[in-house]
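A.B. asks: Take a look at the letters that make up each chain.
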Amino acid sequence: MAETATILKTTCYHCGDECLTDDFITDERKFCCKGCMSVYQILAGSSLCNYYSYNDHPGATHKDHDKRFDYLSDPTIAGQLLDYTDERISLITFYVPQIHCSSCLWLLEQLNKLNPGIHYSRVDFLKKQLAVRFDHHQIGLQKVVELLYDIGYEPLISLQDVVKERSRSGNSKLIQKIAVAGFCFGNVMLLSFPEYFGLSVSEASFRRFFGYINLLFTIPSVFYCAWGYFDSAWKNLKNKVLHIDFPLALGIAVLFVRTAAEVLTHRGAGFADTLCGLVFFLLLGKFIQQKTYHHISFERDYRSFFPVAVQIIMDGAEKPIPLADLTTGHRMVIRHNEIIPADAVLLKGEALIDFSFVTGEAMPVDKSPGEIVYAGGRQMAGVIHLEVVKPVSQSYLTQLWNNDTFKSENESRIKTFSEKVTRYFTIILLIIAFGTFFFHLPDLNEAVAAFTSVLIVACPCALALSTPFTMSAVLGIFDRNHFYLKNTAVVEQLANIDAVVMDKTGTITTGTNKNIRLNGDLSAEQKKLIFSACVNSNHPLSRMICDYLNLTDRLPVAEYKETPGEGISACVAGHDVRIGSDKMIFGDLDGHNPGTRVHLMIDGHYLGNFSFGHHYREGLKEIISMPGYLFHLLSGDHNHEYTELANIFGSGCMHFNQSPQQKLDFIKKLQEEGNKVLMLGDGLNDSGALRQSDIGIAVTDNVNNFSPGSDAILDGRSFSKLPGFIRFSKDTVNIVRLSFLISLVYNIVGLSFAMTGRLSPLVAAVLMPVSTVTIITFTTVATHFTSRKRQLL
Amino acid sequence: MQPENFYYDNKIVRNFGIATVVWGIIGMTVGLIIAIQLYHPGMNMGNQYTTYGRIRPLHTNAVIFAFVGNAIFMGVYYSLQRLLKARMFSDLLSKIHFWGWQLIIVSAVITLPLGITTSHEYAELEWPIDIAITLIWVVFGINMFGTIFKRRERHLYVAIWFYIATFITIAVLHVVNSFELPVSFLKSYMVYAGVQDALVQWWYGHNAVAFFLTTPYLGLMYYFLPKMANRPIYSYKLSILHFWALIFIYIWAGPHHLLYTTLPGWAQSLGVAFSVMLIAPSWGGMINGLLTLRGAWDKVRDNVILKFMVVALTAYGMATFEGPMLSLKQVNGIAHFSDWIIAHVHVGALGWNGFLTFGILYWLIPRIYRTDLYSKKMASFHFWIGTLGILFYAIPMYWAGFTQSLMLKEFTPEGMLKYPNFLETTLQILPMHIMRSIGGGMYLLGVIVMAYNLTRTALQGKLVADEAAQAMPLAPVQTIARENKWHRRLERKPIQMLVISLLVILVGTFVELMPTLTISSNIPTIAAVKPYTPLELQGRDLYIREGCVGCHSQTIRPFRSETERYGEYSKAGEFVYDHPFLWGSKRTGPDLAREGQKYGNAWHYNHLMDPRLMSPGSIMPNYDWLITQTLDTSLTGAKIAAMRKLGVPYPAGYENKANKDLDKQAREIADNLSKDHIKVKSDKEIIAIIAYLQRLGTDIKVSKTANK
Amino acid sequence: MNIIYFLIGCSVLLALGFLGAFFWAQRSGQNDDLYTPSIRILLDDEQEKDEEK
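Chains as they are written, first to last, in our numbering: chain A, 1 to 793; chain B, 1 to 708; chain C, 1 to 53.
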């Protein structure tokens, strides 16, 4: 009997993975792979081992594959990536997905210790960004990236830079405005208290003093903080739309004018407190509304999937060129784990292409020379050479983006409820205002007083706040359930949909096949043999088999041979073990059985096979059974699961072999039939459909992974909650409606005061915050309550 | 580019640490002594320099500015260097700061027992020391901003913001509250009078609490708590938010200390409103601190340092909740002037400031001495006895305060005061005072144990006076706005910020100052109210010297219980000549606003000689030295002149005749006393103080109630 | 009660000062990243490594 080398389960000192072999040991520390070990050695080399003292196993697993960053030495490419550069210094911000713990932070801010050419490196933990300043005479961009790669923090570099700087400036402007508004509000409140509590006659001088100071405070709050409202109101008027900003601006203006008038003529205290409070709350609402996710991007297109540059062979030599310059006839060199950027013909090498980006299909497909390989696939085997047949922009996948759906930045949103309401609101308001004006007319003072007080009281502060506060609360609840919405408007659209279209692979099926089935039975010994053979392979199928067998004992392996796209043959403990495709085992009988079967043969005896069935996300049936919605299945691949799916969807509404363009058109068709369509997709090939649909949701198993541009991103884990989400969004819309009602009631109450023309500042000052507070509490409480009802909390 | 090597200055941290412990023990011992005097007056050892009235300010100054002050500087000098990755700006300034501050405290320890005081609570020190404080504070500021200026870490951690706020605000407060007109080297009069003086004092008084006992400690908490627990603060965003909120609201809360006084009603309500608002930002800090420890309670169980922090934060939470409650008029009506307030402040002081300081000391000393704490057992003994001490202190005082003010407000069915004699209520609560002093004693014992523990720790280790560190120098930020290319912006420096804001403040101050000092105040003036006679003025200064204001208030609130007991409630107009105001903040004895003419001169003479002759059981100490000491009249003229400068309408040239009038009035009183067979020379101090007491509240002769 | 002008003046000016400080902080990017600093302070320089238990 052959001796068995047993290893007890040890975990990698660097990444904490299980060590399958004990080949990698330094300073009596075990590592799971050469990569992890090399990282450790680098750190140990420059005495940065504190890295391991802050957390155990801080590293990300670092399985070896050769790195190609030399395209970064190309100045034009570098130029696109750098934030800043001058004759000496360059600045760049990377997106580094691996950042996850304090050790990462510590190490990445010590880069200088690894290379003095790097002057300064700083981490933004939430955004997973790393800003680096380096002297490009001492160390080039390529070297910087390679350094990061070597210590296990490979930055994600793509043409459409994932690093989002834009959002910041606008936001901080708003924060500043809020600060000023709050400051003015606070002080005005302070100086208005004397009015509220009453000043004795002897203190009349204070009344004036406070009045003037209040007026001073209102100036910045109106002309700096609230300026945006006048601006947009004016714009809207020019294109003849009545947006809520108009009555707001009107109210603010009137408040200011009247305050100024009263204070300067010593006729009264004015409405400084109301005014400043209003502005402050409005801005607060604005701030609440704009929620940004640092870690996910909704605006991705193919450019963020593709490499920045490709290696091509030009007159015998390999050289990198920017993707943009890649044209038909170029001969590309694609290495292990690199992405094929354009449709091309395979010239030489074994292609094992993983199309999961494109279709969500995790199972790699193998291509033989002469076959066309579509863009977006990732090469899993060794080096291949391909000839480009279509330039990047024309290729099968990317032509979508030339489609007009993408050309037109379609912000022709469906009118949100609030917009509809406020239109009428404004008109009615104006009518009432002028009505009161003319009613009081003979006495001009009366008339003006009444007119202004109407505009002041009816200023739809609560109205303007109800939507943002509700929506932000909802967004909060959604992303607690791993459902990330692009913006608040999406909630309302989600409520309106009546048709749901789903992509198959990766959307309703989990990206990774969980259920692997063994057809035939194996003895423990045989299992051991197979395990020992498969352990040596990085092929996803082999890994799955290993996980399935889940053994630790390994037998000595000799003559190990892995033929990409076919399988493994090896001599394990003297037995001839062959594991692989039909082609490998039975020779080439029938080619196109989708590679989801792996046959086993030991010493020439056929022992059966492993088959990898698809695994549907739980809750699928419940979703389909939701009443009142049409359901359609759009699948890119062939219909070999027809039967399984038919009894879920019903044969009528399943469509296979759909090209991205077809998917898009299908959605169009539904919309033309007057449906509001929700599209669920995951792969790039769904992007068109996602974009075309009224609301496109990208389903993904890892939010930090690539997912196509969409209105919302749904974490696979929460797939089953979809019905809950939809119902909840409907509730939300109702909540908003209710809150509108409430604020209208307040307005009516206020108007009853105002129309008489006798509106005391105190009433206004009380009414405004009270209504606002009620609305905010109502919306938050209501959303909280309903979300409980929908089991989202 | 090579990282820069530099050294953190641990020596200065150590020095401030030592000062903290030493002054802490002294201050608390004084506290214990005066606590005992409150039921055993003999504890003043029959000696004027250690009498309650004089050393109570010593206690408050020692614990606030010496104990807490040094603790703040210790924490700031430790954390600032590390947060900014830079040594303090200048070692010289550090030294000057340290020794200067200790000198100031020493001078306080000398002057206060000598009765040299402005009688402004927490600002008792006389004008030369005020100037010294200002200078040293500026030194501290330069040192701090200098360090910020040459920092190697771009981001200013929230703690630093708290430090900055502390520095600027305290500077302004101190300056504003120290406008005094010197009469002699060690005597001055406040420029503001009566109500105005009171408002300034409590605007200062409250914010001193806010910005000396709270903001810097929050800063320390935000640095040391995460370090101790080795986990980031629960929410950094919240910490920033609550910093700005706190800063903008705190400054307004002052007036709640003057509820029911003659301060305009709206100003009082204003104080109340803002005090209530304060709950939010204050609790922001506490919650943030406590939540930082969520999921680490196992750590807390076996880490005494964290235990200290937890109690500190809880105490902070309680105090900041109670504060706003106390500022509500109804509650205040009961609690004000009573022991309740003493309990309130000590929960804050012993719990929040004390325990946080101890936590920091236990964490920091072993670190800078590169060793472990000498004895964890002692530390946890300290923790437990300290906590018990706080309970033994606070609970009886709450009880005492509540009981006494209810007794004072109680009426018989016939509508008469149930306890017309103030002393009865005092005797009721003496047991609580005894328990309180026990609690204080336990707390002090704990501190002494800590002192020993830390000393042994220091001895077993070796001070790392200069701790090596390494960091990259801070390079200017280059950014490109996406649209306009290669545009470069240098970061603005905080130092400019400081200069500008200080300038603005100073300019504003003086713009505002001019009218206040020139324009006649529009307090309703009462024709009957006349300036003090020279003798009364001298008597008043004795009253100030002896710190009578520590136990006797001089303002009658508009409650029936008080008007019945003391007479007509106080009017703003009565105090227009009071530089400074002497309303007081605590009634250990009865209010004296209408004391004038209530009793004969003889009564006062005997009462001052030995209070127990007149009111058996009284806890007021004997003031027999007033009888033996001769009144120093050399300054009478100067004082009159100074008062005139401040707007008191003494006729021109009166300062020359002043002493003649003084002698005349003195002789009258002496003669009056001799009628009661009391032989006393008319140039004794007691004559002057009797003159003052007999004058109190007699300007407006309203109802003769209260006379029994 | 002119003193009130004075006090309010001081307080407002003080508040203005802090508002200015806030602007400086916002402009100079002090508030751009409101998470990382809280971790950063826990990481000490070489000298005092792994003293935490």
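Wrong hints could be hidden among the right ones.
Listed next, with one range per pair, are the computed distances between beta-carbon atoms [as the list claims (entries may be wrong)]:
1) Ala475/B - Gly370/A: 32 to 40 Å
2) Leu291/B - Ser73/A: 42 to 50 Å
3) Asp372/B - Thr552/A: 57 to 65 Å
4) Gly20/C - Ser393/A: 46 to 54 Å
5) Ser53/A - Trp384/B: 45 to 53 Å
Hint data in this document are derived by calculation from the structure and do not stem from the laboratory.
Where is the CB? At the ideal position from N, CA and C, for every residue including glycine.
A.B. asks: Could you run down the list of hints and mark each one as holding or not?
C.D. replies: Now the hints, each set against the structure:
1. Ala475/B - Gly370/A: 32 to 40 Å: Given about 56 Å between the Cβ atoms, the range is violated.
2. Leu291/B - Ser73/A: 42 to 50 Å: Once the Cβ atoms are compared, 49 Å apart, the range 42 to 50 Å for Ser73/A and Leu291/B holds.
3. Asp372/B - Thr552/A: 57 to 65 Å: 43 Å, violated
4. Gly20/C - Ser393/A: 46 to 54 Å: Because 51 Å falls inside the window, the suggested range holds.
5. Ser53/A - Trp384/B: 45 to 53 Å: For Trp384/B against Ser53/A, whose Cβ atoms are near 34 Å apart, the range 45 to 53 Å is violated.
Of the numbered hints stated above, those contradicted by the structure are hints 1, 3, 5, listed in ascending order.
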